[in-house]
Amino acid sequence: MEARILEERKQSIMVKDFCCSGDGKSITCEKESVSGAVSQRACVYCGARVVLNPITDAYHIVHGPIGCASYTWDIRGSLSSGSDLYRNSFSTDLRERDVIFGGEKRLTAAIDEIVANHSPKLIFVYATCIVGVIGDDIEAVCKQATEKYNICVVPVKAPGFSGTKTLGYKMACDALMQVIKPHAKPEQPKKGINILGDFNLAGEMWIIKNYFKKIGVDVISTITGDASYDTLIKASTAELNIVQCAGSSTYLANRMEDELAIPFLKVSFFGVEDTTNSLMRVAYAIGDAEVIRKAEAFTEVESAKLQEFLTKYRRNLLGKKAAIYVGGGFKAISLIRQFNEMGIETVVVGTQTGKQEDYAVIQSLVNEHTVILDDANPAELETFMKEKGADILVGGVKERPLAYKLGIAFCDHNHERKHALAGYEGVVNFTKEINLTINSPVWQLL
Amino acid sequence: MLDLTPKEIIERKGLRINPCKTCQPVGAVYAALGVHKCMPHSHGSQGCVSFHRMFLSRHFKEPAIASTSSFTEGTSVFGGGSNVKTAVKNVFDIYNPDIIAIHTTCLSETIGDDLNTYIQQMEIPEGKIVVHSNTPSYAGSHISGYFNMMSGFIKYLAKNTGEDNGKIGIFPGFTNPGDMREMKKIAKLLGADFTMFPDTSGVMDAPMTGNYEMYPKGGTTIPEIIGLGDCKKVLALGELTSMEPAMELKRKCEVDFDCLPLPIGIEATDAYVTALSHFAKTEVPYALEEERGQLVDIMLDSHAYYDKKTVAIYGDPDTVLGITSFVLEMGMIPKYVLTGTPNEKFTKKANALFEKFGVTDCKAKASGDLFELHQWIKNEPVDLLIGSSYGKQIAKAEDIPFVRAGFPVLDRYVHSYMPIVGYKGAIRLVELISNALMDRQDRDCADEDMELVM
Numbered sequence: 001m002e003a004r005i006l007e008e009r010k011q012s013i014m015v016k017d018f019c020c021s022g023d024g025k026s027i028t029c030e031k032e033s034v035s036g037a038v039s040q041r042a043c044v045y046c047g048a049r050v051v052l053n054p055i056t057d058a059y060h061i062v063h064g065p066i067g068c069a070s071y072t073w074d075i076r077g078s079l080s081s082g083s084d085l086y087r088n089s090f091s092t093d094l095r096e097r098d099v100i101f102g103g104e105k106r107l108t109a110a111i112d113e114i115v116a117n118h119s120p121k122l123i124f125v126y127a128t129c130i131v132g133v134i135g136d137d138i139e140a141v142c143k144q145a146t147e148k149y150n151i152c153v154v155p156v157k158a159p160g161f162s163g164t165k166t167l168g169y170k171m172a173c174d175a176l177m178q179v180i181k182p183h184a185k186p187e188q189p190k191k192g193i194n195i196l197g198d199f200n201l202a203g204e205m206w207i208i209k210n211y212f213k214k215i216g217v218d219v220i221s222t223i224t225g226d227a228s229y230d231t232l233i234k235a236s237t238a239e240l241n242i243v244q245c246a247g248s249s250t251y252l253a254n255r256m257e258d259e260l261a262i263p264f265l266k267v268s269f270f271g272v273e274d275t276t277n278s279l280m281r282v283a284y285a286i287g288d289a290e291v292i293r294k295a296e297a298f299t300e301v302e303s304a305k306l307q308e309f310l311t312k313y314r315r316n317l318l319g320k321k322a323a324i325y326v327g328g329g330f331k332a333i334s335l336i337r338q339f340n341e342m343g344i345e346t347v348v349v350g351t352q353t354g355k356q357e358d359y360a361v362i363q364s365l366v367n368e369h370t371v372i373l374d375d376a377n378p379a380e381l382e383t384f385m386k387e388k389g390a391d392i393l394v395g396g397v398k399e400r401p402l403a404y405k406l407g408i409a410f411c412d413h414n415h416e417r418k419h420a421l422a423g424y425e426g427v428v429n430f431t432k433e434i435n436l437t438i439n440s441p442v443w444q445l446l
Numbered sequence: 001m002l003d004l005t006p007k008e009i010i011e012r013k014g015l016r017i018n019p020c021k022t023c024q025p026v027g028a029v030y031a032a033l034g035v036h037k038c039m040p041h042s043h044g045s046q047g048c049v050s051f052h053r054m055f056l057s058r059h060f061k062e063p064a065i066a067s068t069s070s071f072t073e074g075t076s077v078f079g080g081g082s083n084v085k086t087a088v089k090n091v092f093d094i095y096n097p098d099i100i101a102i103h104t105t106c107l108s109e110t111i112g113d114d115l116n117t118y119i120q121q122m123e124i125p126e127g128k129i130v131v132h133s134n135t136p137s138y139a140g141s142h143i144s145g146y147f148n149m150m151s152g153f154i155k156y157l158a159k160n161t162g163e164d165n166g167k168i169g170i171f172p173g174f175t176n177p178g179d180m181r182e183m184k185k186i187a188k189l190l191g192a193d194f195t196m197f198p199d200t201s202g203v204m205d206a207p208m209t210g211n212y213e214m215y216p217k218g219g220t221t222i223p224e225i226i227g228l229g230d231c232k233k234v235l236a237l238g239e240l241t242s243m244e245p246a247m248e249l250k251r252k253c254e255v256d257f258d259c260l261p262l263p264i265g266i267e268a269t270d271a272y273v274t275a276l277s278h279f280a281k282t283e284v285p286y287a288l289e290e291e292r293g294q295l296v297d298i299m300l301d302s303h304a305y306y307d308k309k310t311v312a313i314y315g316d317p318d319t320v321l322g323i324t325s326f327v328l329e330m331g332m333i334p335k336y337v338l339t340g341t342p343n344e345k346f347t348k349k350a351n352a353l354f355e356k357f358g359v360t361d362c363k364a365k366a367s368g369d370l371f372e373l374h375q376w377i378k379n380e381p382v383d384l385l386i387g388s389s390y391g392k393q394i395a396k397a398e399d400i401p402f403v404r405a406g407f408p409v410l411d412r413y414v415h416s417y418m419p420i421v422g423y424k425g426a427i428r429l430v431e432l433i434s435n436a437l438m439d440r441q442d443r444d445c446a447d448e449d450m451e452l453v454m
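Top line first, the protein sequences correspond to chains A and B. Numbered as in the numbering used here, the first sequence ends at 446 without a single skipped number. Numbered as in the numbering used here, the second sequence ends at 454 without a single skipped number.
It should be emphasised that the hints constitute simulated quantities derived from the structure, not laboratory data. If you're wondering where the values come from, they're calculated on a predicted model, not measured in any experiment. Quick reminder that beta carbons are idealized off the backbone N, C-alpha and C, glycines included. It is possible that some hints are incorrect.
Only some residues are given here: those of chain B computed to face chain A with a beta carbon under 10 Å [stated by the list, open to error]:
| id | residue |
| --- | --- |
| 1 | 303 |
| 2 | 307 |
| 3 | 310 |
| 4 | 454 |
Heads up, simulated DSBU-like pairs for lysine-lysine below, C-alpha to C-alpha not over 30 Å straight-line [to be verified]:
| id | chain 1 | residue 1 | chain 2 | residue 2 |
| --- | --- | --- | --- | --- |
| 5 | A | 148 | B | 13 |
| 6 | B | 308 | B | 378 |
| 7 | A | 355 | B | 37 |
| 8 | B | 37 | A | 10 |
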């Protein structure tokens, strides 16, 4: 194992209560990938794009050569109850000439063409690597278009090289504030909640929204799953923000707290325990006695329903071993809890963008000798999954073929998830999917 | 979902909507994956390579490796020299490839990084090789990235020793491993001694072994690439993809080449078979004659179901031209053929095909996009759509039968294992096309018209 790990990477790998390197207590994270690494990680632009993409009626113009637009075209399974606009790819497809003479003209033309042929309310303009270097002033172009057409044209300055994917999340949050903030009125009455950091993958936002409806809490704005311009601009009227994907949206929650006086709670709707806790915490935070009573009753009924189900499936799953490699720390934490509920031990866990405090929680949840990694590469994942005898890997698109080549089952908990994995319904779907794949007859053929 | 696509076509100067191409670097990665024990390396931001690996994984359902220089803010000011040197050292240390194939990106090209110099300054371990090619994302498309990377390998490696090795070089174009296997099968049947370059079979369709092989068994070997310089001849398949590297080899090593279309359909496969049989001085074996006969037999049996049907074909230039030529042989009308890759030769070649088969009212376009194709279809519909997965929304919106072929196919399995080239590939295309049309007939017909025997 030692021979396959880069020296620079050793600080980003630890084994619980066993010093692989460094002091064993802290892990090196939130850094750019090592040059030469086959990193599983994306860039600033990607971070910004995936957060904003689910806004269904926005025109997302990618300002740069075609690649950045084509690789992010309709790749995220965020569902819409309204417009399908966001599933198209708009870009300026910059050519050599534009790189030499500047791309501002082409960008202006692109915005003009959208306005001339459609009636946009909201346009995001993403600056990619090259735009950062050739010095196009996209802020000026957006400002000009905003004034000329009286619509919301928001620059997202996300050149890929300017940091990690996490910085892209921040850029997206800043862009969202540009949409939300101008509509805030001082002294306005505040009621209901905004749901931040859920992207309505496989309709998960709808499941969560439905829970709040059942317990009597109004949902004002969903950010960004199934969002639209008209709902986004109401976000400032909420009395509470709840944050599901902490990695991408905590920064927005912080800004909304500071600038719009909306406090926030970090929540997770993955697994029975986390779903129930999250609903109860929201009820206690803003609900009256009636809401609390409803929430108690609802979570009790739903949890009870699942006990029998989980007991049945636990028999199939007990003693299996899981490896987790996901984007954010918060999701990793929820997954470890869910696997614990199923009787599955997590033996390897890694994230692309986890923070120091996430890794501390992860450490507290896993058994001794579990391997914990930040920004892992395929060689490391392979080494540790084999060494620890993982039966299943939970990850994203780049990890799927790796797992299959190793003869390890796989579940996509990222953009390509096949079923809703959030809420109580998500527990059923997730457990069934894990059971189906881990116990598939295909593994007998190896 | 494509409700926004208006029927009225207005010329666009700034906006690209729903592209039919992607950028050079992903093509460069794919070419490099077709070299044995090669690590493709992206000299740019870490995001690029993550996108390329994801894109290729989604098409091939296989791991696709590539490393990155991982540019930072500082790199883009001071240049990527130190990043790429560190990267190369790290890649050899940890991943131990025989060769690293560096391609540039829009970022490294714009800041003016000079890879020639960087590579000269690198400490490359004994027996290891580093090559590079310039693939700025703002020029060409993934197709030019593919052939530029091929030219890069040739520039660095191919050698003319003055003594020919009796081989023929086969440049397979931007095709699937299944296609490359079929082209190799034909060459073997004809007894030709050949080098296919690049060759992603055995890499991007590697079998399950229970181990993750970073470098699977397949791929053109380094000695084979060096030996291209001693080949008697090269067959460059797909002029718009394979001619550039063939010219590079001619310039460097004086190896003559013949440009042929991708062997899709009868005539193009005949040309491929004939060229190889001339080269090898062998008779066409019965096995191939039999396949050709079967193909013609199948076309006789089934022609009534597709004859004179109109079809829209989009995707990569040589693939689209190949499929266009074959559907014309089948008696269909390729009403719209479109590629996103900028190259006016495409339009000329497509128009020449229309003329040759005497079809009128057909339209060809290079540098197009799928939004425009959709608009054409809205104005005058077609009976069938053939192309990458990106057309599925158009197929659904306009309720048109749909055959997936080319790159990328993101929403189906097995496709990359199955050829569309050669007689066997043509048989498969006939099956795909006729099934799509006949399934539609079954779906749409009145109950009393439902036929058991078709």
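Here's how the hints hold up against the structure:
no. : hint             : verdict
1   : 303              : 37 Å, violated
2   : 307              : 35 Å, violated
3   : 310              : 25 Å, violated
4   : 454              : 34 Å, violated
5   : A:148 with B:13  : 19 Å, holds
6   : B:308 with B:378 : 20 Å, holds
7   : A:355 with B:37  : 36 Å, violated
8   : B:37 with A:10   : 26 Å, holds
Violation of the numbered hints given earlier is confined to hints 1, 2, 3, 4, 7; the remaining hints are satisfied by the structure.
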